[in-house]
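Start from the sequences, fold in the hints, and give me the full structure.
From first to last, the protein sequence lines are chains S and Y. Position 251 (the first sequence) corresponds to 292 in my numbering; numbering is contiguous. Position 44 (the second sequence) corresponds to 162 in my numbering; numbering is contiguous.
Simulated from the structure, these hints should not be mistaken for laboratory data. Keep in mind the model is a prediction, meaning the values are calculated, not measured. Backbone N, C-alpha and C fix where the C-beta goes; we use that ideal spot for every residue, glycine too. One or more hints might be untrue.
As the list claims (entries may be wrong) - Label-pair ranges, simulated between beta-carbon atoms:
| # | chain 1 | residue 1 | chain 2 | residue 2 | range |
| --- | --- | --- | --- | --- | --- |
| 1 | S | 101 | Y | 279 | 41 to 51 angstroms |
| 2 | S | 236 | Y | 375 | 34 to 44 angstroms |
| 3 | Y | 271 | S | 215 | 35 to 45 angstroms |
Said to hold, decoys possible - With the Cβ distance kept under 8 angstroms, some of the chain Y side facing chain S (calculated, not the full set):
| # | residue |
| --- | --- |
| 4 | 351 |
| 5 | 354 |
| 6 | 356 |
| 7 | 359 |
| 8 | 360 |
| 9 | 361 |
| 10 | 362 |
| 11 | 363 |
| 12 | 367 |
| 13 | 375 |
| 14 | 434 |
| 15 | 435 |
| 16 | 437 |
What the hints assert, rightly or not - Beyond 10 angstroms from chain Y on every Cβ pair, some chain S residues (computed):
| # | residue |
| --- | --- |
| 17 | 42 |
| 18 | 93 |
| 19 | 95 |
| 20 | 107 |
| 21 | 109 |
| 22 | 115 |
| 23 | 209 |
| 24 | 215 |
| 25 | 260 |
| 26 | 281 |
| 27 | 325 |
| 28 | 329 |
| 29 | 371 |
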Amino acid sequence: MIKLEGVSRVWPEFAIRDVSLQVSEGQYLVIVGPTGAGKTLLLELLLGVHHPDAGRIFVGEREVTGLPPEKRGIGMVYQDYLLFPHLDVARNLAFGLRYQHRDRENVQRRVNETAGLLGIQHLLHRYPYTLSGGEKQRVAIGRALVTEPRVLLLDEPLSALDRGTAARLRGELKSLHAAKKLTILHVTHDLSEARQMEGPVALIKEGRLDALGTADDLLRRPPTVFAATFFGAVNLYKAEVAETARGRRVVAGPVATESVLAGDGIHLMIHPDEVVLIPAEPAESPNHLPGEVTALTDEGNYVAVQLRVTGLAAPLTAYVSRHFVRTERLELGSMVTADVSRAIHVLKE
Amino acid sequence: MNASGGQPGVREIGQAPLQSGERLGATKRGGVSAVSWLLIFIPFVVVFLLIGRYLIAGVVLAVTILWAVKDRKSKRLPLAPLAIFSVCGGLLIFFIILPILNLLFTTEPSRVVSTALDPAVQSALAITLSAALIATCVSLLFGIPLGYVLAREQFAGKSVVEGIVDMPVVIPHTIAGIALLYIFGRGGILGAPLKTHFNILLSDSYWGIVLAMLFVGLPFVVNQCRDGFLKVDPRMEYVARSLGASWLQAFFHVTIPLTRRALLSGAIMTWARAISEFGSVAIIAYYPKTINTLLFEWYNFFGYTYTKPLSTLLLLVALAIFISLRTVATFKRAEY
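Rendered as structure tokens:
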């Protein structure tokens with residue numbers, strides 16, 4: 042449905058570099074990335090208010106690279122709504138219809154339909170400055186939907202709203218997406234939002250597409266160090282690749298695993314919630330790491346245990362239950378063994 | 119006077135204008151009433167003290183301070199510095215309003231009316247107002263595009279361009295008149311070909327007046343337009359275009375309506391500036407006489423007393439413009 046082929050655009054402060062991305066019809070793609078990564082600019086390149094220096098953009102079968110925004114059939118909703126303040130809600134909704142040369146009744150019907158869809162019928166005669174944030178965002182979404190775009194771009198649509206409103210609108214966006222069979226690109230910096238939208242997630246880093254996958258994939262098996270860090274990885278170690286008789290092994294101190302990845306910049310990641318703490322073992326077995334407890338942090342639902350492990354560059358964190366801490370009498374200085382054999386994930390720089 | 123200036127945050131239109139507007143309005147109302155009491159009444163006290171009416175001065179002083187304290191809601195400044203600063207500022211305010219009020223209230227209304235009925239005055243007034251209106255329209259026609267470019271684009275030499283736009287404000291207007299005369303006068307670089315090819319003579323003609331007024335009034339329109347456009351988030355135009363509007367439609371259906379107040383106040387400022395222009399107009403086109411030229415001539419020939427009703431008349435015109443400007447600037451501000 043949407044295809045970007047090697048799209049690049051350089052501004053003095055920002056850049057989009059060689060982004061290739063394909064979004065199929067009816068997909069809900071969430072785009073995440075740190076502030077300043079170029080997420081909004083990517084949307085604006087798609088929208089057509091900026092044009093790429095290189096690369097091509099397709100909507101459906103049609104190439105739209107050189108087309109102005111009004112010829113692309115793409116709707117846009119910004120974080121700060123940007124309702125037209127000089128028009129009331131009804132005229133905001135009808136704004137896009139005036140360029141479609143419809144008769145008055147048709148416009149009226151479409152406006153009412155859209156207002157009904159978003160539950161804003163009672164606001165039609167109010168001006169934007171009298172609306173709450175959630176109401177404004179509903180109107181902004183309605184305004185974009187009324188012209189029946191094939192693609193909807195959402196630039197942090199829920200970020201300015203309070204939690205409850207954001208959660209409600211998130212649900213509504215999902216059902217709108219399902220009902221209207223829209224293709225949606227949704228930019229956010231909120232990871233939980235990315236997870237809850239249940240679509241694929243694209244991670245942008247400094248104007249480049251860094252990783253693409255389901256939220257779960259990116260969280261559990263991030264392909265890059267940046268993705269791992271962005272999604273909050275705790276135990277991340279530089280590793281080396283060693284060719285052994287049994288095949289290629291990735292080694293970071295006492296931790297070793299098999300891997301197909303090769304080359305420089307290989308890292309190991311150890312999921313703290315997959316680490317199993319067992320009483321200190323006298324003999325060393327592979328990926329059973331003896332360590333000393335250096336910190337115990339109560340995180341509310343679980344306890345983060347920090348271990349100093351000989352050979353590992355940074356402390357190892359494991360998540361355990363409170364019950365475990367109590368029964369095993371874990372305290373600062375306790376010696377335990379961490380079984381990380383099921384917690385290892387290999388990734389590249 | 120300035121409808122759009124003064125507030126920080128350029129792109130505030132889409133961003134929760136309600137709360138900030140309300141908050142501003144609330145403190146402003148409370149603060150202004152207290153400060154304005156001090157600003158306006160304490161100078162009266164000073165003057166009454168100077169002329170020896172101690173009792174009246176004392177009463178006004180007491181009432182002023184009582185009101186200021188009672189009304190004071192903003193509490194940004196402690197009362198003592200507020201009072202001292204307000205007295206200093208108040209003297210300035212007094213300096214402005216005293217001559218104006220004096221002129222208004224010491225002129226016999228009947229003489230103002232009879233002056234207004236004088237055909238020479240009427241024709242001068244018509245020439246002034248219409249020439250100023252034309253100058254304003256022309257400056258809008260050219261000033262809106264320039265203001266838009268200055269607001270939206272970053273380019274090398276932008277500050278030079280902005281400096282040039284402001285030049286007519288700082289150049290003494292007599293000099294502006296002479297400089298214009300060298301270009302548009304009988305033998306000027308543009309004046310000579312205009313005369314030979316189109317038989318248009320700008321010196322000592324109605325169009326010369328328009329030209330001089332345009333020159334001195336342009337900066338106001340351009341700057342107001344630029345400031346107005348700066349307040350419209352470009353993304354507002356992007357949204358309009360995503361909804362199917364062409365660039366031009368987005369400009370006329372979104373950008374212009376959102377800046378209309380700035381445009382209007384810029385136009386009124388230009389018009390007012392044009393009406394009050396004397397120096398350059400008198401040099402380029404002493405004839406036909408504008409109202410200022412007439413005033414200057416009467417003052418030279420007949421003296422001070424004779425000119426008073428005409429001055430009052432002109433003052434009333436200027437005040438009418440001023441009040442309309444203020445009304446435009448504050449009218450339904452909450453909407454945005």
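Evaluation of the provided hints:
| no. | hint | verdict |
| --- | --- | --- |
| 1 | 101/S <-> 279/Y: 41 to 51 angstroms | holds, 44 angstroms |
| 2 | 236/S <-> 375/Y: 34 to 44 angstroms | holds, 41 angstroms |
| 3 | 271/Y <-> 215/S: 35 to 45 angstroms | holds, 40 angstroms |
| 4 | 351 | holds, 6 angstroms |
| 5 | 354 | holds, 5 angstroms |
| 6 | 356 | holds, 5 angstroms |
| 7 | 359 | holds, 4 angstroms |
| 8 | 360 | holds, 4 angstroms |
| 9 | 361 | holds, 3 angstroms |
| 10 | 362 | holds, 4 angstroms |
| 11 | 363 | holds, 6 angstroms |
| 12 | 367 | holds, 7 angstroms |
| 13 | 375 | holds, 5 angstroms |
| 14 | 434 | violated, 34 angstroms |
| 15 | 435 | violated, 31 angstroms |
| 16 | 437 | violated, 30 angstroms |
| 17 | 42 | holds, 17 angstroms |
| 18 | 93 | holds, 16 angstroms |
| 19 | 95 | holds, 22 angstroms |
| 20 | 107 | holds, 15 angstroms |
| 21 | 109 | violated, 7 angstroms |
| 22 | 115 | violated, 6 angstroms |
| 23 | 209 | holds, 19 angstroms |
| 24 | 215 | holds, 22 angstroms |
| 25 | 260 | holds, 32 angstroms |
| 26 | 281 | holds, 48 angstroms |
| 27 | 325 | holds, 60 angstroms |
| 28 | 329 | holds, 56 angstroms |
| 29 | 371 | holds, 49 angstroms |
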